[in-house]
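Combine both chains into one complex, guided by the hints.
Sequences listed follow chains U and H, in order.
464 is the number of the first residue of the first sequence in the working numbering; add one for each residue after it.
121 is the number of the first residue of the second sequence in the working numbering; add one for each residue after it.
Don't read these hints as lab results, they were simulated from the structure.
Incorrect hints may appear among the rest.
What the hints assert, rightly or not - The list that follows gives simulated cross-link-like pairs (lysine-lysine, BS3-like), each with its CA atoms no further than 30 Å apart:
| hint | chain 1 | residue 1 | chain 2 | residue 2 |
| --- | --- | --- | --- | --- |
| 1 | H | K323 | U | K641 |
| 2 | U | K473 | H | K154 |
| 3 | U | K465 | H | K169 |
| 4 | U | K473 | H | K169 |
| 5 | H | K323 | U | K521 |
| 6 | H | K635 | H | K537 |
| 7 | U | K465 | H | K323 |
| 8 | U | K521 | U | K465 |
| 9 | H | K399 | U | K473 |
| 10 | H | K323 | U | K505 |
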Amino acid sequence: MKTYLLPSLKLTGILILICSVIYPLLVYLVSLATPGHGNGNKLMENGVVIGYENIGQKFTDERYFQGRPSAVDYNAAGSAGSNKGPSNAEYLAGVKARIDTFLIHNPGIQAADIPADLVTASGSGLDPNISVQAARVQIARIAKLRGKSEKELNALVDRMIEHPLLGLFGPEKINVLKLNIALTKI
Amino acid sequence: MNTELIGVIATFLITVALAIPFGKYIARVFKGEKTLLDFLAPLETRILKLCGIDPGRQMNWKQHLLALLAINMLWFVYAFIMLLTQGSLFLNPDGNPSMSPDLSFNTAISFMVNCNLQHYSGETGLTYLTQLAVITFLQFVSAATGIAALIVVFNAMREKATEGLGNFFDIFLKSLTRILLPVSFILAIILVFNGTPAGFEGKDTITTLQGDTVQVSRGPAAGMIAIKHLGTNGGGWFGANSAHPLENPNYLTNMVEMIAQVLIPIALIFAMGFYLNRKKMAYVIFGVMTLGMLTLLIPTLIAESNGNPAIAHMGISQATGSMEGKEVRFGPKASAYWSIVTTVISTGSVNSMHDSSMPVSGTMQLLGMMTNAFYGGCGVGILNYYIFIIIAVFISGLMVGRTPEFLGRKIEAREMKIATLIALLHPFLILVGTAISSFVYTKDPSVGWLNNPGYHGFSEMLYEYTSSAANNGSGFEGLGDNNWFWNITTGFVLILGRFLPIIGPVAIAGILANKKYVPESAGTLRTDTGTFGIMTYAVIMIIAALAFFPALVLGPLAEYFNLYHV
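So that you can see chain H by itself, here it is in the shape it has in the complex (with noise of 0.2 Å):
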């Protein structure tokens, strides 16, 4: 059991000792200095020059926003057609059909958003061809997508910032080439060491000892679940996702693939701190989402592993902790942080499932996604963070009495409002979703998305728009939600919930860049100490407990009572 412990303490730590190298890497790809990656430098000028892109043509950050939204409605067109044809197209050796056009739409969206909400399972629910031309391909562009808006707001945050924040297409192909293309590659070779299959043959038919038969679903599997914890998109080749033997086989491969996942995340922030060089505002803003993660896995883990108490009462042992849902291999403990993982971060892989944890994990698996500023996902983590500094520095300038500056520049009511709605965006669309498929369900039980009564079945419609405006994708996967309804209005919720908080930080950073640099002086509001650190901890949680506190004590609280104190 202590191994358990340890096992998990042991993968957080190595992700930050990987990630703080790794971060520097970052920061001297973003700068154009030396790296040891420099040979591919020929190859990408060839393919900006074949696609007729200037990378030394600088934009500004409408420019930026432009060529994001474009290159991504492209990529959408294409999915969604793709999806919507996979029945009649080649390599499809299990005979899958194509998608319906709502589950295609969804299907579509969500991994183009980074997402990965998944409404089909990806035994029956496509074919090689998608999975590799349209899903892989999405997960490594949409993180791209992701890391590139980031840089861009790293480009305006710098002291001497103008117009000119760079190339978005430049930034964001050497997204893929430095960062994600060359580390999954070698995440793939681990796992397929380890008996992940990456080859192209249909299911298998085989005898089992006891003489039934069965087939088994296979495939070109560990190049996609690579990219998938890399860039924080989390859309499983399986059904089951992580938890599936073959996409997760063993305890080594999970610990590869936590760390996988947060690796970027965790780096990002330390590639600002050398980046801008300002490497302590880097450590306060680590510790303060180290600080609010394990507020969220500590009681995780402890529910976790005392078990069900509605079980504990039919009076067998528990020593392993509550395993509804879980893998013996990977132990309650790991099932646990790696379901906070996977919410704080917007990945949403699944290595145990979650609609079968107990209610505490559920709660704090909600506000990892209601919070989505923890780490969070590939770039978007840290952008979403960027809104809740803007308000702490603005409600701490209240306090103090000064002018609310960020980094030598005031900040005032455009840049005020811009991130009051991004901040209050994300509760709108998860609580109006909600209160519209819950009066849905209760006119008509007979739709029939529930796959658990009560308070449970609430946390399950909550769970499915909190995922999506998070661009989660995990789930309380006994949600029966593919069904027009779940697929067209989760669909609405993916966008906006991707691109506003693109859009917002963006066009902040922007006109901050703008604004006249002022330098630092006594009179100052620091950013970069840890009481400014707990000022934004405090911002981040007094919001989600003001907006999200009711539909919780509705939802896994209420379940929790039930279940302890009856």
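Next up, chain U with everything else stripped away, as it sits in the complex (with noise of 0.2 Å):
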């Protein structure tokens, strides 16, 4: 063994600095001709960041289109999911009160209107999407504190639906930041 370590020595450190200082910087270098710099896409208002357009935000504010709960409440800083196994009592109360407490505050709501999204907790706890379902069991709630007709706000997330990738690959989805950027202007 002792007369591979020493080429072994010298190839490791050829290697790391292919693998760790050159290759990274190619990256790098190639993501500063893409829109976000290579620091993540932001979404900008009136020339100030409001956040980014992958990243899930909190909405705790009735007005707005809320998203799905979180196992880490939006801090980006970090990412975690709930983890939480799917016949965990504990879990399934939690679940249940979710559900309740959207039905207080939506009035009129049936709980087989409520799709599942809505009340589990993403994969990262930062999923910036909802289903257009959960987006949908919201309006009612949306136009009433805002004083806007539903027609309107159904159009308005008709208009925010994203499509599968081409028309063909995975599901639609609704940007909850986008959608409520959008919501503000109407």
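Below is the structure:
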């Protein structure tokens, strides 16, 4: 084994230079040509950064569309799911409580109208999206609080639907932050 | 909903369509035939010369293993010291601290062995320096180690194989320059154009639309995420791995990352066919592995699409399936597919939290790692499968009364002993580990490891050792594993679960290569037929069932009956 140690040591040094210095620097240089200049895509309003396109935000204000429950409270300094198992009684009680809370804050809505993504925590805790149904089910509440017509808000949601990739692959979804930015403008 | 299923099918078909030509390319690289990247040859020669390595010096199987172990040992020492001192080194804009000795030990081993079990979260546990100089570096070289070990076995399987099985350093370096680096670069470019960060700025502080102040972790992640998948490593830049919206921003990147992680494992099967000129054998192996993958995938897809019965009971709509721990942009079907792909292959990256999967899915994820041979990790997948081939040859030989032979070489007692030991090592490591941890926990539940009570808590411990022994790296992440017990015990399981399954097949292949070549005749048991494929499949499944069924009953299967039939 001794005969291999010195060549291994030299090779390791050269490969650190290639894999950990040259390679990431090349990727960085290319990333400067992207819209976010390699630091993530930001959403700007009037020259002020409101957030990252892909990072979900917390909306506790009832006049906004709300996103999914988050195990890290949408603090993007970290990221995590709840890691609760499907049969965990404490977890199931938590889901039930979310459903009850939602029903109280959204009078007139039936439990059967609430989609699962609205009462379950996402994998990252930063999910920027909700399902289309999760947006629809909040329209009555927001229309009332903002004094808009439900028809107007339904049209807004329709406009904000992000379709499957090439119309073929993956689910339909809505970016909550973009939807709320559009909401403040109508 | 249909678009979700089409997405999964398309992802798989694109993977296979790319893997066939890529496998041909890999075979050409190691045969020394003309390829597109031959302009790199002078650079490779120069690097080897600088290191005092003569690529023409042939090594026998023992010398290959010594070289492999020597260079790996250096990486471990280097990584351990870096992680232990990262807090006081440069490139640490977020001011993250150094790792504790037990966590450094676990992390250094985990990345050296291509496992990428993470007992820390990337946002707070590492610095940009260690993310690049330790993690990214080890992701490249550990994948190249796996490929190199496999190529040595390929060399030994050739008809005219002799003592000399190529030069380890030469094969290893070519795996990096001709395969891993160029493809990773392409993948990284796709990622940065979809919003994955690659810059060196530290955490950003922003005011949200509603007026809260939050921080956003970033960093030069794109290059690392590329090799994390291509090299079947799986360790994420961020804590939430590829569920994180910067690590995996949209459905396109999700497809790209899923394709990237399966690409080399499947390509290497075809590479074997082209390299040894045994295409039929390659197709049979690919068929068996695909059958194995589908056996695990289909129940998972169904379970996740149907959602959680306990939540259905509350009367809400689960039209989008089970969503706990999943991201809306991927949906339950792509998450189910990813969870099986990442466990049959030893990637271990996740785009949904496996801890929150349905019990059936948890069983299938565990089985993916317990069999550990359906496609399998970068290089080592076929090495694991090779062990099962040897066992299947021996058993079929006994059944039909023919001398057990594989590719013209007799399988005798010595090879069978090695193969059996390696096949039994895997359940041994998993079950003994789980038994000890269950004992410790039962003695003193105040250690507080488990995030879930009952059967599921047991599954969390079972999963951790299974993932370690299979060098997978995914986890039922609710488990509180950053403490000396888990760091040390899984550390040792990781080393044994990596190097013995490399040493075993290389030794068998090396020993076989030294035996007299007996040309195939009418009396030979053919190993490139569907029948033999089914036989291998049965051997894999029977060994897994015999070894693991009791443990699965105590964990996810008990949870299943509890959840669905109360």
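Do the hints match the structure? See the list:
For a cut-off of 30 Å, the pair hint linking H/K323 to U/K641 stands: about 22 Å separates their Cα positions. Proximity of U/K473 to H/K154 is assessed by CA-CA distance (about 28 Å); at most 30 Å being required, the pair is judged to hold. For the hint pairing U/K465 with H/K169, the CA-to-CA distance comes to about 19 Å; that is within 30 Å, so the pair holds. Taking the CA atoms of U/K473 and H/K169, the gap is near 10 Å; set against the 30 Å cutoff, the hint holds.
For the hint pairing H/K323 with U/K521, the CA-to-CA distance comes to about 18 Å; that is within 30 Å, so the pair holds. Using a Cα cut-off of 30 Å, the hinted pair H/K635 and H/K537 holds, with the two alpha carbons roughly 17 Å apart. The straight-line distance between the Cα atoms of U/K465 and H/K323 is roughly 44 Å, outside the 30 Å bound, and the hint therefore fails. Between the alpha carbons of U/K521 and U/K465 the distance comes to roughly 58 Å, so the proposed pair goes past 30 Å and is violated.
Distance hint between H/K399 and U/K473 is unfulfilled; the C-alpha atoms sit about 38 Å from each other, more than 30 Å. At most 30 Å may separate the alpha-carbon atoms for a hinted pair to count; H/K323 and U/K505 meet this at roughly 14 Å.
Hints 7, 8, 9 from the earlier list are contradicted by this structure; the remaining hints agree with it.
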